[in-house]
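Asker: Protein chains in written order, with the numbering used here: chain C, 1 to 274; chain W, 275 to 607.
You may find that some hints are simply not true.
Claimed, not checked - Below, in silico cross-link-like pairs of lysine-lysine (DSSO-like), each with a Cα-Cα straight-line distance of 30 Å or less:
1. C:K140 - W:K404
2. W:K495 - C:K138
3. C:K139 - C:K29
4. C:K217 - W:K503
5. W:K404 - C:K208
6. C:K116 - W:K315
7. W:K404 - C:K139
8. W:K404 - C:K138
9. W:K495 - C:K208
10. C:K149 - C:K204
11. C:K44 - W:K477
12. W:K477 - C:K116
13. C:K161 - W:K404
14. C:K204 - W:K477
15. W:K495 - C:K149
16. C:K149 - C:K138
17. C:K204 - C:K139
18. C:K139 - W:K495
19. W:K477 - C:K161
20. W:K503 - C:K116
21. C:K161 - C:K51
22. C:K116 - W:K495
23. W:K503 - C:K138
24. C:K149 - W:K477
25. W:K503 - C:K161
26. C:K138 - C:K161
27. C:K161 - C:K208
Hints were generated in silico from the structure; no laboratory data involved.
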Amino acid sequence: MALMKTVVREKNVEEKLQQHSEENVNVFKAKGLNLWYGNDQALKNINLDIKKNGVTAIIGPSGCGKSTFLKTLNRMVELVPIVRTTGSINYHGVNIFDTSVNLVELRSSVGMVFQKPNPFPKSIYDNVAFGPRVHGIKKKAILNDIVEKSLRSSGLWEEVKNRLNESALGLSGGQQQRLCIARTLAVEPEVILMDEPTSALDPKSTLKIEELIQELKENYSIIIVTHNMQQAARISDKTAFFLNGEVVEYDDTDIIFSTPNDKRTEDYITGRFG
Amino acid sequence: MELDAQNRSESEKISGLKQVTKEKLTQKSFKANLLDFLIEKAFFVFGSIAVFVLLLILYFLIREGSDALREVGIVEFLTGTRWYPSSPQGAGYGALPFIISSFMVTTGALIIAIPWGIFTAIFIAEIAPKRVREILKPVVEVLAIFPSVILGFIALVILSPIVANLFGLSNGLNAFTASVILSVMALPTIISIAEDSIKSVPKDYREAAYALGATRWETIKTITVPAAKSGIMAGIMLGFGRAVGETMTVLMAAGNALNMPVREFFGVTLPNYFSSVRTLTANIAIEGSDVPWGSLHYSALFVIALILFVITFVVNLTADILISRQRRKLNNE
Ligand SMILES: Nc1ncnc2c1ncn2[C@@H]1O[C@H](COP(=O)(O)OP(=O)(O)O)[C@@H](O)[C@H]1O
Ligand SMILES: [Mg+2]
């Protein structure tokens with residue numbers, strides 16, 4: 001009897017340890033995730049562990065559910081009222097679909113950058129300070145620090161430091177996107193979701209953003225949806241190939257782009273469809 | 275489909291149909307030129323006619339009012355407190371009570387209607403479930419075309435007794451009652467225009483705010499409403515126009531007494547909302563029907579109309595300038 005108890009206890013400890021180390025490696029763990037828009041299923045039984053600190057790319061043809069999956073990770077997808085989900089996404093030991101999850105907390109630690117740069121029609125300063133202000137920071141000195149730090153991290157500080165009070169809409173597209181990244185960094189997230197962040201930008205701005213992603217991945221877990229396979233190959237550590245709402249293949253980026261396992265992955269990356 | 279298009283352009287190249295030449299690039303058909311010219315002129319003409327009509331009205335008001343302006347003087351109109359145009363001796367042409375009354379009733383109506391209208395607009399545009407919205411919108415629209423005489427009647431028989439009871443007054447027809455009923459009239463304009471402009475705020479802004487962890491209320495307060503501000507201002511201005519120009523309702527609700535609607539409170543002269551008031555519009559309506567044509571009194575009424583015209587014009591112009599300045603600032607033009 002006593003022996004069994006210790007065995008059970010040891011097993012528990014072991015499980016805990018394993019769980020702990022897993023949390024150190026993975027930031028998200030999606031299990032049996034399904035998602036419907038009304039009657040149309042957009043995500044089908046997704047099982048995906050997303051590595052901490054690093055860049056995970058999501059590729060796949062248009063309409064395969066890349067954006068939907070990304071928006072599920074911070075539950076932005078629920079802004080569409082007809083959305084229904086089953087399955088779970090584990091984040092810090094919590095299923096993010098739990099009714100007890102605080103969306104404000106979730107979204108401030110899982111930030112998002114959108115396809116089209118979408119700065120607010122406010123000054124550059126107010127754009128970056130928006131998040132911190134919403135989360136209750138009022139002291140001007142602290143806000144100043146956050147704004148400067150975030151703009152430096154996104155590589156925009158030198159370009160805008162003398163015009164912080166000008167409208168953000170006066171910036172170029174590439175600058176606007178880096179401002180949106182700065183705005184996200186200002187709430188000190190752990191994860192940054194990026195939905196085709198360079199698809200509306202010129203090659204030069206794209207390059208800048210890609211370099212920025214390389215810098216940011218030291219401190220953040222980045223999940224990026226991209227239409228551009230060279231981009232995925234250039235900047236990501238892991239790549240997931242989505243097709244019709246399913247994950248066809250998920251592996252190290254090198255492997256996906258050199259020796260994919262699945263015929264469909266190979267067809268896609270060699271440009272046979274998509 | 276694509277192949278087709280390709281084939282076509284190939285064949286066009288061969289047949290020379292699609293050849294680009296200097297002549298083709300620079301020539302413009304006479305017909306197109308004429309059409310351009312006519313359309314441009316037509317817009318100019320219609321625009322000019324509108325301005326011309328406005329100027330004509332202004333000219334008419336000044337011409338008819340010129341007798342009174344000359345004999346009484348604009349200063350007496352704007353500062354005098356006695357209005358006794360038909361008294362043979364000691365006639366008074368002070369329109370200040372009307373100006374103050376119009377100001378009080380309009381301001382009162384807006385103080386009620388602006389927050390009420392904006393909150394309703396936010397509710398309809400952002401918060402209400404679809405079904406509630408589908409009921410609310412038509413209700414607001416019906417309110418907009420509601421005959422003002424009915425609202426005036428409601429003020430007369432229902433609202434004024436309530437006001438009298440509530441505040442212990444002998445007569446419930448006063449500036450307060452008029453303000454309340456006028457606010458109901460200004461409301462639909464404010465609501466529909468504010469709602470439209472809130473709706474037209476790009477979804478992107480809202481998404482960005484939510485993604486930064488803002489709650490729905492924070493998003494509305496800090497993003498949606500500020501982005502819709504110029505539209506909301508326009509709605510308020512139109513609501514103002516409605517309130518300041520409205521005649522029938524105030525005529526029935528305000529009591530129309532000829533006096534200065536002010537009272538001393540601790541040595542300060544303040545507007546008294548519980549006094550019976552007569553607005554600029556109401557005075558024209560009351561006296562306009564039986565004033566002898568061509569008399570000084572007749573001319574004086576035109577001066578009152580002129581004052582009304584100028585007030586409305588100045589307020590709208592100011593609002594326009596404010597709105598476009600703000601829009602320019604937002605778009606960084
Ligand atoms: N708001 C929505 N309402 C209904 N269906 C949607 C909505 N957004 C996306 N979908 C559907 O979900 C599927 C996946 O879309 P999406 O995630 O945007 O694909 P991707 O980003 O890979 O191009 C598509 O079939 C699309 O039509
Ligand atoms: Mg997409």
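Asker: Decide, hint by hint, whether the structure agrees.
Answerer: Quick rundown of the hints versus the structure:
no. : hint            : result
1   : C:K140 - W:K404 : violated (41 Å)
2   : W:K495 - C:K138 : holds (16 Å)
3   : C:K139 - C:K29  : violated (37 Å)
4   : C:K217 - W:K503 : violated (39 Å)
5   : W:K404 - C:K208 : violated (44 Å)
6   : C:K116 - W:K315 : violated (40 Å)
7   : W:K404 - C:K139 : violated (40 Å)
8   : W:K404 - C:K138 : violated (36 Å)
9   : W:K495 - C:K208 : violated (34 Å)
10  : C:K149 - C:K204 : holds (24 Å)
11  : C:K44 - W:K477  : holds (27 Å)
12  : W:K477 - C:K116 : holds (12 Å)
13  : C:K161 - W:K404 : violated (45 Å)
14  : C:K204 - W:K477 : holds (28 Å)
15  : W:K495 - C:K149 : holds (26 Å)
16  : C:K149 - C:K138 : holds (17 Å)
17  : C:K204 - C:K139 : violated (37 Å)
18  : C:K139 - W:K495 : holds (20 Å)
19  : W:K477 - C:K161 : holds (29 Å)
20  : W:K503 - C:K116 : holds (23 Å)
21  : C:K161 - C:K51  : violated (35 Å)
22  : C:K116 - W:K495 : holds (23 Å)
23  : W:K503 - C:K138 : holds (24 Å)
24  : C:K149 - W:K477 : holds (28 Å)
25  : W:K503 - C:K161 : holds (28 Å)
26  : C:K138 - C:K161 : holds (21 Å)
27  : C:K161 - C:K208 : holds (18 Å)
The earlier numbered hints that this structure contradicts are 1, 3, 4, 5, 6, 7, 8, 9, 13, 17 and 21.
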